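Participant: Here is what each chain is made of, one letter per residue.
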Amino acid sequence: MEIKKTPLYNRHIASGGKVVEFAGYMLPVQYSGIIVEHHAVRSACGIFDVSHMGEIRVDGPGACGFLQRLLPNDISGMKPGNIKYSPMCNEHGGIVDDLLVYKYADDLYMLVVNASNKDKDYAHIASAANGEAGILDISESITQIALQGPLAEAIMMKLAPCVPKKYYSFIETELLGTRCTLSRTGYTGEDGFEVYCPNSLAEPLWDELIKAGDGNVTLCGLGARDTLRFEASMPLYGHEMNDETTPLEAGLSRFVKLAKDSSFIGKEPLVRQQAEGIKRRLCGIEILSRGIARDGAEVYHNHKPVGHVTSGTMSPTLGKALAMAIVELPYNEPGTQLSVEVRGKMLDARVIEMPFYKRNK
Amino acid sequence: MNIPNNLRYTKSHEWVREDDGVYYIGITDYAQNEMGDIVFVELPSIGDEFTEGDIICTVESVKAVSDVYSPVSGVVQNVNEALEDAPELVNQDPYGSWFAELIDVEPGRLLSPEEYKRLIEEE
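First to last, the protein sequences are chains A and B.
Going by the numbering used here, the first sequence opens with residue 1, and the numbers climb by one from there.
Going by the numbering used here, the second sequence opens with residue 1, and the numbers climb by one from there.
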């Protein structure tokens, strides 16, 4: 597979980013250090190149009806400028990917999908559409920059004539004289923005946002993006979900509208699973012994295997080793004592509420 | 990259300092820099015996788990418990942050500072 560079690659190298290959792109895993970058986003502001994310345009008079049939969430009530999160399921109810739906107009939407799933998603969506709506992968022509943290709004307002006020909404506006999509979204658990702009604007916009921060914008890499989303208990494809996990198991029930007017791909198995009772579900775990439980570690209750860790690390904000795990019911109940096996040792653990971290609003 | 002249090294980026028959071991500046923020160190137990190349410690950064291989054969006489509460010391002072003291050591083939410098220049 050809490894691609994002339009900001030269900036990452020039700024001393530790660049690695991720989902087919050369991207910085860190600049100054994951923990420093993490704290910067929690307390001030961080900037991320997330151009590896995929964007798929869905258009035509049948667009809304098609998305209703494609996605478990109900997008029928969306107005232009609204954004909705949804899983996207296969016919067995397993998760193909999770994505954001941007509604521009009744006949124009954009889906933002995970980089690692882009091609799989496009194939799934195009085959499901079967001519009902126009489907176009526009990822290559779009740069995506995330500006995240409590200072993000003040910094963005220095460049943008106006900003979207509500979380999960967007506007089309001019930044540095070029039309962009500016959305109040993110993957960090903080307030912030994501800008979708033409590649030609990538470097100037990156530079101007940093300049507008006047020393308060920290360059952030994929490492901090992962610890930030982890603390906010936002699921990551390939960890908390995959083709064999249903959204009901992955803790995404509130994004699955079984009662909506339209049928959707994967509905029948999900209805069946709901009726029969869910057997396992994502939960949060605090490690009480010394040690860190990571993706893949086995979880036990009284020596009986009951699940596995999907993501885990030392939480920089909370200073504890935490994990997300898919665990058999009823062992997912907060307060349940569990053990996690790490390098042959059993670590004491306890189920706790998610999200681990919630910002003060 | 800091490579002190008074130490010996391994291809897997450990350092060794010999002091009157006691061998102190740790990881190099290059190793800590490659790993990034270190958040957990699992030390061996006093009395544990290791053969050269055995996993003697485990060091975890935010993102990854790395094994530390014993550069020599020997018996653990002492461990640096300060690293359990302050694993970041390994980032701040890699050559002061020894993990274990070994005695009854049979030193094997270790790299000189010059040889180690050439090795990391190639990586």
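Simulated from the structure, these hints should not be mistaken for lab results.
These numbers come from a predicted model, not from an experiment.
Ideal Cβ positions, reconstructed from N, Cα and C, are used throughout, including at glycine.
Treat the hints with caution; some may be incorrect.
[To be verified] Distance condition first, Cα-Cα at most 25 Å in a straight line; then the derived DSS-like pairs of lysine-lysine:
| no. | chain 1 | residue 1 | chain 2 | residue 2 |
| --- | --- | --- | --- | --- |
| 1 | A | K120 | A | K5 |
| 2 | A | K267 | A | K120 |
| 3 | A | K358 | A | K165 |
| 4 | A | K18 | B | K11 |
| 5 | B | K63 | A | K5 |
| 6 | A | K84 | A | K5 |
| 7 | A | K267 | A | K257 |
| 8 | A | K165 | A | K79 |
| 9 | B | K117 | A | K361 |
| 10 | A | K345 | A | K361 |
| 11 | B | K117 | A | K320 |
| 12 | A | K5 | A | K211 |
| 13 | B | K63 | A | K4 |
| 14 | B | K63 | A | K358 |
| 15 | B | K11 | B | K117 |
| 16 | B | K11 | A | K345 |
| 17 | A | K260 | A | K79 |
| 18 | A | K358 | A | K84 |
| 19 | A | K257 | A | K279 |
| 20 | A | K166 | A | K361 |
| 21 | A | K320 | A | K345 |
| 22 | A | K257 | A | K304 |
| 23 | B | K11 | A | K118 |
[Stated by the list, open to error] Ranges of calculated distance between the beta carbons of each label pair, as one might list FRET restraints:
| no. | chain 1 | residue 1 | chain 2 | residue 2 | range |
| --- | --- | --- | --- | --- | --- |
| 24 | A | G215 | B | A86 | 42 to 48 Å |
| 25 | A | G215 | B | A64 | 48 to 54 Å |
| 26 | B | G53 | A | D348 | 29 to 35 Å |
| 27 | A | S43 | B | E49 | 44 to 50 Å |
| 28 | B | A86 | A | P269 | 30 to 36 Å |
| 29 | A | R290 | B | E49 | 40 to 46 Å |
| 30 | A | K166 | B | K11 | 51 to 57 Å |
| 31 | B | I55 | A | E244 | 40 to 46 Å |
| 32 | A | G296 | B | G96 | 42 to 48 Å |
| 33 | B | G96 | A | S43 | 25 to 31 Å |
| 34 | A | P269 | B | G53 | 48 to 54 Å |
Participant: Next step is simple, just say for each hint if it's right about the structure.
Facilitator: Verification of the supplied hints:
1. A:K120 <-> A:K5: Holds, because 20 Å separates the two Cα atoms, which is no more than 25 Å.
2. A:K267 <-> A:K120: holds (20 Å)
3. A:K358 <-> A:K165: Cα-Cα ~19 Å, so holds.
4. A:K18 <-> B:K11: holds (22 Å)
5. B:K63 <-> A:K5: holds (23 Å)
6. A:K84 <-> A:K5: Measuring from Cα to Cα gives roughly 29 Å; hence the hint is violated.
7. A:K267 <-> A:K257: holds (9 Å)
8. A:K165 <-> A:K79: holds (15 Å)
9. B:K117 <-> A:K361: Violated, at roughly 51 Å.
10. A:K345 <-> A:K361: Status violated; Cα separation ~40 Å.
11. B:K117 <-> A:K320: Given that 25 Å is the threshold and the Cα spacing comes to 37 Å, the pair is violated.
12. A:K5 <-> A:K211: holds (24 Å)
13. B:K63 <-> A:K4: Holds, because 23 Å separates the two Cα atoms, which is no more than 25 Å.
14. B:K63 <-> A:K358: Holds, at roughly 22 Å.
15. B:K11 <-> B:K117: holds (10 Å)
16. B:K11 <-> A:K345: violated (28 Å)
17. A:K260 <-> A:K79: holds (17 Å)
18. A:K358 <-> A:K84: holds (20 Å)
19. A:K257 <-> A:K279: holds (20 Å)
20. A:K166 <-> A:K361: holds (12 Å)
21. A:K320 <-> A:K345: holds (18 Å)
22. A:K257 <-> A:K304: Outside the cut-off at roughly 34 Å; violated.
23. B:K11 <-> A:K118: violated (39 Å)
24. A:G215 <-> B:A86: 42 to 48 Å: At 29 Å between Cβs, range violated.
25. A:G215 <-> B:A64: 48 to 54 Å: violated (31 Å)
26. B:G53 <-> A:D348: 29 to 35 Å: holds (32 Å)
27. A:S43 <-> B:E49: 44 to 50 Å: Cβ of S43 of chain A to Cβ of E49 of chain B: about 47 Å, so the range 44 to 50 Å holds.
28. B:A86 <-> A:P269: 30 to 36 Å: Since A86 of chain B and P269 of chain A have Cβ atoms about 50 Å apart, the given range 30 to 36 Å is violated.
29. A:R290 <-> B:E49: 40 to 46 Å: violated (23 Å)
30. A:K166 <-> B:K11: 51 to 57 Å: Given about 56 Å between the Cβ atoms, the range holds.
31. B:I55 <-> A:E244: 40 to 46 Å: At roughly 33 Å between Cβ atoms, E244 of chain A and I55 of chain B fall outside 40 to 46 Å, so the hint is violated.
32. A:G296 <-> B:G96: 42 to 48 Å: violated (34 Å)
33. B:G96 <-> A:S43: 25 to 31 Å: holds (30 Å)
34. A:P269 <-> B:G53: 48 to 54 Å: holds (50 Å)
Checked against the numbered hints above, the structure breaks hints 6, 9, 10, 11, 16, 22, 23, 24, 25, 28, 29, 31 and 32 and satisfies the rest.
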